[in-house]
Amino acid sequence: MFVATHNGPQFVCGQAPPVDGPMGQRGTYAIQCALQALWLRRNLGARSLADFASEATFDVKPCLLHGLESAPPISVSLSREDGLLYYKQMQTIRRMELKADQLYKQKVIRGFCHLYDGQEACGVGIENAIKPTDHLITAYRVHGIAYLRGVALKSILSELTGRQGGCAKGKGGSMHMYFKNFYGGNGIVGAQVPLGAGVAFALKYQGLDSLCVAMYGDGAANQGQIFEAFNMASLWSLPCLFVCENNQFGMGTAVERASANVDYYQRGDYIPGIKVDGMDVLCVREATKFAADFIRSGKGPMLMELETYRYHGHSMSDPGVSYRTREEIKEVRTKSDPISLLRDRLVGSGLSSVEELKEIDVKVRGEIEEASQFATSDPEPPLSDLTSHIYKTSLNSCIRGITPWQQLATA
Amino acid sequence: MAAPGVFGGLLRRLGGFGVRVRRSLHTSPAMSVQVTVRDALNQAMDEEMERDERTFILGEEVGQYDGAYKITRGLLKKYGEKRVIDTPITEMGFAGIATGAAMAGLRPICEFMTFNFSMQAIDQVVNSAAKALYMSAGTIHVPIVFRGPNGASAGVGAQHSQCFAAWYGHCPGLKVISPWNSIDCKGLLKAAIRDDDPVVFLENELMYGVPFDMPEEAQSPDFLLPIGKAHVERTGQHITVVAHSRIVGFCLEAAAALAKEGIECEVINLRSIRPLDMATVEQSVMKTNHLMTVEGGWPIFGVGAEICASVMEGPAFDYLDAPAMRVTGVDVPMPYARNLEELAGPQVKDIITAARRMVTGKEESRATA
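Protein sequence lines, in the order shown, are assigned to chains A and B.
Start counting the first sequence at 1; every next residue gets the next number (the working numbering).
Start counting the second sequence at 1; every next residue gets the next number (the working numbering).
Okay, chain B solo, but in the shape it has when bound:
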């Protein structure tokens, strides 16, 4: 059992020397463990499949291959072919089959190998799944989860790097989630599976292998997080920084660096794209008077655009000391060459300079001047 932080590291090293270290030296009431995003997602699906027999998984390579990104590892072995189904490479067909199965009483988890491929099936997601409850005035509901990696990866080029948060976030009838860390993934995927509406669950491939502390309460099979509620990852009084998915981690890094210059960032992890938790954002802006949104996706008609427009229309506008600003991916298809790819998406340094400029009026730090 790993213990957290520096002390845990010390314990492990001492243990490696054959020294017996008694755990009573470090008494913490809650036992948290390190869990990767991948394992958190896997646990969420495992627990929900155990809890409800109607829950099943379908998608390409989810079974015998253990998942293209190993998110469904071990589930075929545990639950069998009836509940973990390998599909042919026919997104429109299997997304439609999954949606029909949901209409007829099952609770499918439909995996898109990446959300880029969901474009082939988007008619089923939007016109069949999202709108059915409304068109039928409540007769048909669709308890389905569409999940898979979204947004930029590393070196995969233009057709495999698009962020679909804005596309799906646009549609009434869908709930859209974009988690960041392991707790987010565990609690929100479980909530998504239990939700009776169609949920689009946007993961991030580069986060799959990243471990996070999972406190004891998050290890419970009943641990759920509320869909539609953002989480303040770091409090601060100078600027509200709003992000979703992997970029949240970049913002926290930037916040740590900015803190040394006396600029305190309040970092908000949206967790959900639809519904968007504007109440949390507005409350923060009314405290900090500055708003900066950060996303990996394209700028035009994006998530940040929606947040800024909403703030303009709401109570927080009067508290802004500067126009709200978006930090986004560059408005280009994703290039392959590493140097260009790095320039195409917001890096930690970009977030630092943008926040510094908004708060101090300058891009360079006073400390370095």
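With the rest of the complex left out, here is chain A:
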């Protein structure tokens, strides 16, 4: 039905179709949708600010606290601009990961491929709470994070397909994507956490007002080196935000079977911690802002546990149903999907509309398709790249090849 608002006539789709009308329920509904679309097209030029709310406030789940007196706010304001941005970012990651799934099944992507669909709100919430001058490091489930840190879509997809246009020229693969202020992309479970503490050390040493976000999963959370990093980060008051993305499974092992203590946000002991609803991008954003403020004020490191879920298995070799049920996956998709949650909020509050979000979906699909075309047509790296980037300063001009008489030039 048309609802008269101060923003002009608004047809709110998704509601129950009107009860009566000349062409029956569905017919009337369809006509009204078409009229809405027509109205929007006519008013394209006068759209955006006049038609939609510019800001709205939402409640988020309160965070659980460890060693903290204050908490992130539970009433969060979201601007239309930010809302559309977060939607686009999450949808881009979602579509990109599904495209990677497709390309992997076509055998165009080989080896390891760990997908992030379901966890989009974690990456998007963090990136929109920190600054581009902050640094970040994560583990191997990295494609979405790489995109958020600034790596172009086609550079990500062509890295997955092993082409020269990849962000690591095809030499790194799925798990090794890097950018300015972004240190990958790390294949050894847990090793990235001391590295991240080291980045934070360097930021403090150089007197920069920046922090490092060091991400790891529930599977890595039991690694000894993580506790070693906690100890030194706390002793030396390093500006490090440790983030545990708890997607409930370390490969095929549920958290209860791997950890004597599954309260990962408390495992930092002397490091204050918060447990956050990782399916809600606004909750993640506010919690990250809260943590970043704490760290920037010189109070030392903090630990943030994001409770999230991955739809795919651990990697493309894992169907993901031998250790959990399809019903469980379906339930999370239906009730807690991060993109749906944001969509409902944007539409329900008048920040956006179904139509507008659909346009974004179409645009995103187009961008992913274009990147995918590039990734499948770009050539593989030249043979000279086999022996380049071994040293920043090579001391020899050649290295030994497969046989002693094969001397390969190295750069």
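No lab work stands behind these hints: they were computed from the structure.
Please note that a few of the clues may not be correct.
[Unchecked claim] Pairs of lysine-lysine, DSS-like flavour, derived with a Cα cap of 30 Å:
#1 Lys392/A to Lys229/B
#2 Lys82/B to Lys180/A
#3 Lys78/B to Lys289/A
#4 Lys392/A to Lys82/B
#5 Lys77/B to Lys299/A
#6 Lys78/B to Lys299/A
#7 Lys131/A to Lys82/B
#8 Lys299/A to Lys82/B
[Unchecked claim] Below, a sample of chain B positions facing chain A; criterion: calculated Cβ distance under 8 Å:
#9 Val33
#10 Gly96
#11 Cys171
#12 Asp197
#13 Pro215
#14 Glu313
As the structure is a prediction and not an experimental result, all values here were calculated from the model.
Just so you know, even glycine gets a beta-carbon here, dropped at the ideal spot from N, CA and C.
Fit chain B to the known structure of chain A by using the hints.
Same frame as chain A, now just chain B:
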């Protein structure tokens, strides 16, 4: 100021009797001093920390304790806690922190109290530091130095005596240095600190207190030695003897003894394990026609194995009059008892008999027969 050699000793003794000896009696253009390996390493780090603010040291006991082996003595006092950092006993953690700091723009010197403990951190050295440049196709580089004592010491037993030259030398992406004397240590540690790649710097505990002549040019704060270049310590025409670290000194002693029998050894100090300077080795073998490698580490898959295989594959093979041979530590964990420990590693006499046998066909000297 000490003057070198016998004449210097004479001067000192005369000075002790209250006799004033004027220096003009002994005019040498270059003023060299005696510097221990320990002091050479200390000077290298001091000079490089003064030169570049991004350079810092971390490790166990490097600060307040002045270093477990006193290599970092005085540096905490001079540079303060920001730049000389005592770590907890958590190698994997602090090696990872050092590597991350290097990725983010600093130039860490990460000390392992001995390289035996680096095994706890080896994942960070190899998988994080060594491979980062390649995996990132040049986006991330890691200008870090991992240093500390390597190989056998005296009476420290099996877990504290292993040589890691072959382990680290195996990995592309690392540069690996194994210096012998004070000049090596000074010039190569400075070069390692200035190098933009991860460098594993293998010292030797038993060399720390040994003094060597340090010529004037080596005393300059800009003195560097090239990584990847071996040094011929003694020329000779009968046999090429290749060694690294403390064993170089044993080889020179053996060479002095063999010279009396008319066997002239060309002793090559590798200085670097990776890259290995095979050009210098090959050039020498093409002159002497005999090759013997000597190392303190285990024989199987070791440094000597690599050198012999390389010579087989290269231009020097055709010049060999005898198969190339390795003299190594015994293939056992290091025992504690002194007599067994002495049997477990190559001694000067072992080098002498091996070289003599290769050149003359006999282990006993003709002179003693």
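Given the hinted pair Lys299/A and Lys82/B, is their alpha-carbon gap at most 30 Å? holds, 18 Å
Could you check if Asp197/B really has its C-beta closer than 8 Å to a C-beta on chain A? holds, 5 Å
Tell me if the interface restraint on Val33/B is satisfied: Cβ within less than 8 Å of some Cβ in chain A. violated, 30 Å
Using 8 Å as the Cβ threshold, decide whether Pro215/B counts as touching chain A. For Pro215/B, the interface hint is violated, since the closest Cβ of chain A sits about 25 Å away, which is over 8 Å.
Lys78/B and Lys299/A: Cα distance at most 30 Å? holds, 28 Å
With a cut-off of 8 Å, does the beta carbon of Gly96/B approach a beta carbon of chain A closely enough for the hint to hold? holds, 3 Å
Taking 30 Å as the top limit, are the C-alpha atoms of Lys77/B and Lys299/A close enough? Holds: Lys77/B and Lys299/A sit about 27 Å apart, inside 30 Å.
Interface hint check: Cys171/B, Cβ to nearest Cβ on chain A, cutoff 8 Å. Holds or violated? violated, 10 Å
Check the hint pairing Lys131/A with Lys82/B against an upper bound of 30 Å on the C-alpha distance. holds, 26 Å
Would you check the hint for Lys82/B and Lys180/A, treating anything up to 30 Å between C-alpha atoms as holding? Between Lys82/B and Lys180/A the Cα gap is close to 26 Å, so the pair holds against 30 Å.
Would you mind confirming whether the straight-line C-alpha gap from Lys392/A to Lys229/B stays at or under 30 Å? holds, 18 Å
Satisfaction of hint between Lys82/B and Lys392/A, Cα-Cα up to 30 Å: Holds, at roughly 28 Å.
The structure fails hints 3, 9, 11 and 13 (numbered hints given earlier, in ascending order).
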